[in-house]
Amino acid sequence: MKTTSRRGILLASGWLIIFFLLAPSLIVFPISLTDTSYLGLPEHGFSLQHWGTVVTNPVWRDSFLQSLLIALAASAVATAAGTLCAIGCWRLSSRFGEFVRVLMLAPLIVPQIVYALGLYRFYATLHLLDTYAGVIAAHAAIGLPFVMLIVGAALVNFDIRLERAARNLGATPTQALRRVLIPNIRTGIISGAVFAFIASWDELIIVLFIASRKVRTLPRAIWSGVNESLDPAIAAVAVILIIVTVLVLSISLHAGRRQPARNPN
Amino acid sequence: MTNCPATFSFRAVTKRYGAVMAVDNVSLDVNGGTFFSLLGPSGSGKTTLLMMAAGFEVPSTGDVTYGTREITHVPPEKRNFGMVFQGYALFPNLTVAENICFPLAVRNVGRAEREQRVLTALDLVHLSGFGDRLPKQLSGGQQQRVALARALIFEPDILLLDEPLSALDKKLRVGLQIELRELQRRIGKTFICVTHDQEEALSMSDEIAIVRNGKIVQRGAPEQLFERPATHFVADFLGESNFLEGTVLETDGAGFVRYGAQGTTLVQQSDVRLEPGERVLVSLRPSKVSLTPDCPPNRANLTSGTLAGWSYRGTEVHYEVNTSLGRLSVNAPTWQSDFFPTGGQDVWLSWPPDAATIVKDDRVTREPRQGNLPRPPADPEGNGSKYVKRSDHPQQENVDVEAK
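First to last, the protein sequences are chains A and B.
Throughout the first sequence, residue numbering follows the numbering used here, covering 1 to 265 in sequence.
Throughout the second sequence, residue numbering follows the numbering used here, covering 1001 to 1404 in sequence.
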C-alpha cells in the first residue's frame, strides 16, 4: 500500500518536471498555427498564414541565414581552437595546463551580461561593433568552454599508448594527431561542435550589446518582434529555432552511437 | 637490410622524477641480434629504461646509443625501433590491415607495395584473411600477433617489447614464448623485452638483466643467473630458494669453504676467497636437495628434520621440512619419490658442495621474506663482513616509479 503511494508521488513529480521542461517550448507550436492576428492560441481553426509570412518575408529569411552562418562559423572556430587547447592541456598534464583549462572556462563562469558589457567597450575601440567578425568571435568564445569540457572528457578515455604507438611506428607528432588521436576522440569533438553551435544559435544577450542593424540574428529578431509587435510569425520563427536545435543535437547523439554500431556484439 | 645489427647501449643513464630515482646510473650493452630481457618487479625502473630506449622519455643524465649513433634526444619516430606495447595499443578505429599498414602509410610507401607487404605480414603471423576485422573482434593472442606484425613491417633495427604476454592466459603464453623466440632467431633482429615474469624471461632470452630499485643487480645468460645468482634478491626473484646463513670455519686452497650454520657444519664451493669468521649467506634451490627417509652415506652436506608438509605438483613433489637450519623446501621429481610421506616423519636432507651458491646479502631489513630463515643473529664481527650488507635504500623498496 505504502509503496504504491510512494510510486504514485514519484510518477507525478516526474511528469510535473517533464511538463515544466517542455510545455513552455511546445506552446509555440499551436501558437504558430493560430488563425488570429495576435500572439495567442488558435480560436476557430488552424492557419498557415503566419508560416507564409516567415517564409516570404525577406527580413525573417535574412535573419535565419545570418544566424546559421554565424553559428556555423563560430562553432567551427570554437571546435578547432577548443580541441587543440584541450589536447595541449591534456598533454601538458601539469599545473599550468590545469590553469589554462580553468581560464578557458571563463566565458561560462562570468555572467553573460557582464561579459557582453565588456565586449561592447572592447569592440567599440576595435571597430568590431555590428560586424560579422565581431559576433563570430564573441560566439566562438562562449562555445569554447563546451568544446574544452567535452573533448577533455573524451581525452580521459584515450589510451596514451595509442599515440606513443603511432610515434614509435614512424608518425610525426602531426601525423599521430591526425591519424590516431583525432579519429579516436571524434565523438567528443562532434558533441563539442554541436554544443558550440547551439550556444551561438540561440544567443541573445551578447548580440543585443554588440550588434544593431547590420547583424540581426534570429533570437535578436524575435526579441525585437516581441517588443515592437505581437506578430504570431514570431511563434513560427521560434518553432524553426527549436527544430534546428533538435536536428543539430540529434547529430551529436548519432555520432555517439555510431562507434559501437560498427561492431556486432 | 642484411647488415649486422649494432649494439644498443645505455651509458651511465639516470632518470629522476622529482625526488624519485627511477633509473640510477645504469650502463648496459645489448649485443646486436640477441634476445635481451629486463626482468624485475613492478616499480623497479625496467619500463622507464624501455621508454628511454624507445624515445618516449629522455634520461636526466647519461646517453643512449645505437651502434655509433648517439640517440639520446632523437624523437621516437626517427629511431626506427619497433615496439609491442603492453595491451598492444592497436588503433581501435582501424582494421587489422590498416593497423599493420600504418607504418608504411606514414612513410608514404606506394599503394601497390603497401598492399603486398601487408599481405606478407599477415601471412607471417598466421592471420591471412583477418585483414578486414577490427582489433576488438580478435582474441588476445591474435591481437598480440597484429601488434608484432605492425612493429616489424617497417624493418626496424630493434624490437622493443613491453610485457608482451602479460595479457594472455597461461597456456597461450607458453606457446607464444616459443613463437617469439623462434621469430627472433629467424629474423635475427635485436629484441629487448621488459617483463616481471621470471619464467618468461628464462625461457625466451639469450641474456637477462635483473633490475631492482633502478639499478641492474646482475646480468647474464638465463642458466647462469639461475644457477649462480649473485645476490639474495636474484636468488629469491628467479625461482624458489632456501637461504642458509652461517659463519666461515675454515677454507682450503681448492675453493671449498666449511661453514657453521645453527650448529651444523656444511661445505660449500666458493669462487671468492673467504676468511674464517666471515658471515656467509647461501642460496640453495629446493630442487638441488635430495630427501631420503634413511640416512644416506658419505654426503658433504647432511641434516635431518621432520616432515612438516608436502604437496603433489604433478611432475614434482614439494616437501617442507623442519630442520635445525630452519624450515627447508625440497622439490623432488615425482618419479624419484618412492616413499609414502607421513606427517612428522623423520627424513634426511643432503646436497653436494656445488649445489648451492654463496650470495650477497642485499635483503631489506624489515622484510622477513623466507619463512625458513631464523632471524639473523647480531653480527659478532661488528658488521665488518663482506657479505652481510644491508641494502642502502630500504625506503625505496615499494615506490612505484614505472612510467605510465
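Keep in mind that the hints were calculated from the coordinates and are not lab data.
Keep in mind that the hints are not guaranteed to be accurate.
[As the list claims (entries may be wrong)] Chain A residues, not near chain B, derived (Cβ > 10 Å throughout):
#1 Q49
#2 A171
#3 P183
#4 S224
[Claimed, not checked] If you want the footprint, here are the derived chain B segments under chain A, 3+ residues with CB under 8 Å:
#5 1095-1109
#6 1253-1264
Where is the CB? At the ideal position from N, CA and C, for every residue including glycine.
- Query: Can you give the numbers of the hints that this structure goes against, from lowest to highest?
  - Reply: Of the numbered hints given earlier, those the structure breaks are 2, 3 and 6, listed in rising order.
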